[in-house]
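Colleague: Single-letter residue listing:
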Amino acid sequence: MDRSKSLNSTDLINIGVFTAIIAVITLIVIPIGFLPVLMPLYCVFIPLFSGIPFMLFVTRVRKFGMITVMSILMALFLLCTGMGWYTLPLALITGFIADGLVKAGNYSSLKLSIAACSVFSLWCFGSYIPLIFMADQFWAENAQYGEEFINDSKDIFRLWMAPALIACCLVFGALGGVIGGRVLKKHFIRSGIL
Amino acid sequence: MLTVDRSFGFLDPRTKLLLLVTLPTFLLGGAGGEYLKPFCMGFSVLPFVLLFISRNYLPAVSGFLVFMLMQFAGMIIPRDAGGLVHNVFLILYEVLCLLLPCGIMAAFIMRTTTVGEFIAAMEKLKVPQFITIPFSVMFRFFPTIMEEYRSIGRAMKMRGITPGKVGIAGFIEYRIVPVMMSVVIIANELSAAALTKGLGGKIKRTCIHRLGFGFADFLLIALCVTALLLFVLSLFDVRLW
Numbered sequence: 047m048d049r050s051k052s053l054n055s056t057d058l059i060n061i062g063v064f065t066a067i068i069a070v071i072t073l074i075v076i077p078i079g080f081l082p083v084l085m086p087l088y089c090v091f092i093p094l095f096s097g098i099p100f101m102l103f104v105t106r107v108r109k110f111g112m113i114t115v116m117s118i119l120m121a122l123f124l125l126c127t128g129m130g131w132y133t134l135p136l137a138l139i140t141g142f143i144a145d146g147l148v149k150a151g152n153y154s155s156l157k158l159s160i161a162a163c164s165v166f167s168l169w170c171f172g173s174y175i176p177l178i179f180m181a182d183q184f185w186a187e188n189a190q191y192g193e194e195f196i197n198d199s200k201d202i203f204r205l206w207m208a209p210a211l212i213a214c215c216l217v218f219g220a221l222g223g224v225i226g227g228r229v230l231k232k233h234f235i236r237s238g239i240l
Numbered sequence: 024m025l026t027v028d029r030s031f032g033f034l035d036p037r038t039k040l041l042l043l044v045t046l047p048t049f050l051l052g053g054a055g056g057e058y059l060k061p062f063c064m065g066f067s068v069l070p071f072v073l074l075f076i077s078r079n080y081l082p083a084v085s086g087f088l089v090f091m092l093m094q095f096a097g098m099i100i101p102r103d104a105g106g107l108v109h110n111v112f113l114i115l116y117e118v119l120c121l122l123l124p125c126g127i128m129a130a131f132i133m134r135t136t137t138v139g140e141f142i143a144a145m146e147k148l149k150v151p152q153f154i155t156i157p158f159s160v161m162f163r164f165f166p167t168i169m170e171e172y173r174s175i176g177r178a179m180k181m182r183g184i185t186p187g188k189v190g191i192a193g194f195i196e197y198r199i200v201p202v203m204m205s206v207v208i209i210a211n212e213l214s215a216a217a218l219t220k221g222l223g224g225k226i227k228r229t230c231i232h233r234l235g236f237g238f239a240d241f242l243l244i245a246l247c248v249t250a251l252l253l254f255v256l257s258l259f260d261v262r263l264w
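Those protein sequences? They're chains A and B, same order as listed. Note that the working numbering has the first sequence beginning at 47, numbered continuously upward. Note that the working numbering has the second sequence beginning at 24, numbered continuously upward.
Don't read these hints as lab results, they were simulated from the structure. Incorrect hints may appear among the rest.
In silico BS3-like pairs for lysine-lysine, Cα to Cα no more than 27 Å straight-line [to be verified]:
#1 A/Lys231 <-> A/Lys200
#2 B/Lys180 <-> A/Lys232
#3 A/Lys109 <-> A/Lys231
#4 A/Lys232 <-> A/Lys109
#5 A/Lys200 <-> B/Lys60
#6 A/Lys109 <-> A/Lys149
#7 A/Lys149 <-> B/Lys225
#8 B/Lys220 <-> A/Lys231
#9 A/Lys231 <-> A/Lys149
#10 A/Lys109 <-> B/Lys220
#11 A/Lys200 <-> A/Lys149
#12 B/Lys60 <-> B/Lys149
#13 A/Lys109 <-> A/Lys200
#14 B/Lys147 <-> B/Lys227
#15 B/Lys188 <-> A/Lys109
#16 B/Lys220 <-> B/Lys147
#17 B/Lys188 <-> A/Lys231
#18 A/Lys232 <-> B/Lys188
#19 A/Lys109 <-> B/Lys227
#20 B/Lys149 <-> B/Lys227
#21 B/Lys60 <-> B/Lys147
#22 A/Lys109 <-> B/Lys149
#23 A/Lys232 <-> A/Lys149
#24 B/Lys225 <-> B/Lys147
Just chain B, same shape as in the assembly:
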């Protein structure tokens, strides 16, 4: 588990949003392919760097070591070898060097950004409210849903409800229905809370968070924008190398 201190939200939420879109585009979506490989490598390492800066030394260093190990293994195992070893390597590479950084990035962003900051940033970007509010609720709800799901799983286990006993369809029903019930109740409470905070009113809201770009923000935005620009140019067959 990451234990990121809230005060280490040293990046502007807008930068984080850009990272949240850019990282998966290049790592999971594989934009650019071989041509933009250097950028991909950079993006794979970036989450570990951020973890390091926010004083999560152990996960940062171990993650970086795993990444280097995989790169090293990629050099030893020939690309066109085929066979079992190569396939296992590819799956491992996929999970550890592409999926894991994206997951860590998302978790990092979710831990370091408060809902208030997020909404403030979106309002500065002039995103309409009907996108901002559901999106922030979504991010707030991922951990809640997982937590509810786990608790209900434990309760079901205690009562001895297993797929063998009630059938697979029944099992899914036993799992999903209680989660939905509690989630609906939480949603109602959340609406009441939002109402008291004046969300969705017609008057423009004021905001206590002071947002501004720092040096790190400019650096990361420049990196992302360059990568995206190169990718778009490469679509029109304009290549620098």
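Chain A with its partners taken away, still in its complex shape:
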């Protein structure tokens, strides 16, 4: 095992693999957004389901920066799916904090890993930024969705929705982390895959 501080190719491959899993989960969840009423539920399902891969990923993290890189990749992935660049600065900050949390626990504390999972999940909020803070401009550009869809969405995404969604990300991220931790203990540690 390479003990140097910088990320080596094994780390980078691990990042790629787990980012791919979380990206697939995101792709599976995205179609529920066809009904605007269900759109805020992204912040519930994505953190909840990505808890298991994320916790498994954290067990393979031994260096500072891995979660930051993962967050950047998620943001780039969202860019490739047309969600805009707004996630990128957000993901940089949350990824950095999550990295700090895991490092503070010396890469072995379950509680701090769960906290990191919860902070990492905030990237979900990135795609809502234009919906909430730049609603008029955003919907002017997306007129093809039709009046009804836009009005429904405008009704839902008021300004108070922002803290609610952030809280949602944090809570369900933590819940996903707890579930992930349990699954880890139940399956992966026992079968010796870790």
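Knowing the structure of chain A, use the given hints to seat chain B on it.
Modeller: This is chain B only, laid out in the frame that chain A set:
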């Protein structure tokens, strides 16, 4: 399923990367709105043109026909009609004319680009390695994950494990955990393979792929850059028409 021959990767990977970002920005992100509608239409048709050039005549022609049909329907159905017909039309339009081209484009790019080409292109663009390697692994892994997921789904079905029997939470556990297990094993193998290929070493890697822009590349890059420029200008209220 697309059956794109590898030798038909006639576009430079850098062009493909640009398309991969530009297409969804305009089609799914709806950048520019009504103002850049002509560009959007062009981008919707583009994947079918590429399919046609790479000799996938049937999907290309049928996709193009569906697109024309939807445009025609859009002319017949009045915009402000409301009601069920209009909503169904909007959903269909969304899926067939906006989502489908992006999906086809992504699939086309993934089929025609080898990992080696991709990494070579990224290195030429001076993207740091900590982005290049995970990104190429990601692209390589999408099909693998889907395949594993399907196989495990079949195995579960054979053993009679359904959401009704084990509960929804249990069902998700039965599905996700085996996928993760096999993916972790594949990841370990991949790291070993990458190590033998010298990926992540300190010495600059040489590369067998010769990358260069052709006529088609210049055409598409010009198209994308124009569209993006017009979009950025329109943000500052500079409009040509």
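Colleague: Holds or violated: are the alpha carbons of A/Lys232 and A/Lys149 at most 27 Å from each other?
Modeller: Holds: A/Lys232 and A/Lys149 sit about 24 Å apart, inside 27 Å.
Colleague: Measure nothing beyond the straight line between the CA atoms of B/Lys60 and B/Lys147; if it is 27 Å or shorter, mark the hint as holding.
Modeller: violated, 33 Å
Colleague: Does A/Lys231 sit within 27 Å of B/Lys188, going by the straight-line distance between their CA atoms?
Modeller: Cα-Cα ~24 Å, so holds.
Colleague: CA of A/Lys109 to CA of B/Lys149, is that 27 Å or under?
Modeller: Distance of about 24 Å is within 27 Å: holds.
Colleague: Assess, step by step, whether the Cα of A/Lys232 is no farther than 27 Å from the Cα of A/Lys109, and give holds or violated.
Modeller: holds, 26 Å
Colleague: Between B/Lys220 and B/Lys147, does the CA-CA distance stay at or below 27 Å?
Modeller: Given pair B/Lys220, B/Lys147 holds - Cα atoms ~19 Å apart, limit 27 Å.
Colleague: Under the criterion that the straight-line Cα-Cα distance not exceed 27 Å, is the pair A/Lys200, A/Lys149 satisfied?
Modeller: violated, 40 Å
Colleague: Hey, B/Lys60 versus B/Lys149, does the alpha-carbon distance stay inside 27 Å?
Modeller: violated, 33 Å
Colleague: With a cut-off of 27 Å on the C-alpha distance, tell me whether A/Lys109 and A/Lys149 pass.
Modeller: Satisfied, since the Cα-Cα distance of roughly 8 Å is no more than 27 Å.
Colleague: Are the Cα positions of A/Lys232 and B/Lys188 separated by 27 Å at most?
Modeller: Distance ~20 Å between A/Lys232 and B/Lys188 Cα, so the pair holds.
Colleague: Does the structure keep B/Lys147 and B/Lys227 at a Cα separation of 27 Å or less?
Modeller: Holds, because 12 Å separates the two Cα atoms, which is no more than 27 Å.
Colleague: Under the criterion that the straight-line Cα-Cα distance not exceed 27 Å, is the pair B/Lys149, B/Lys227 satisfied?
Modeller: holds, 12 Å
Hint violations for this structure: numbers 1, 8, 11, 12, 13, 15, 21, all remaining hints satisfied.
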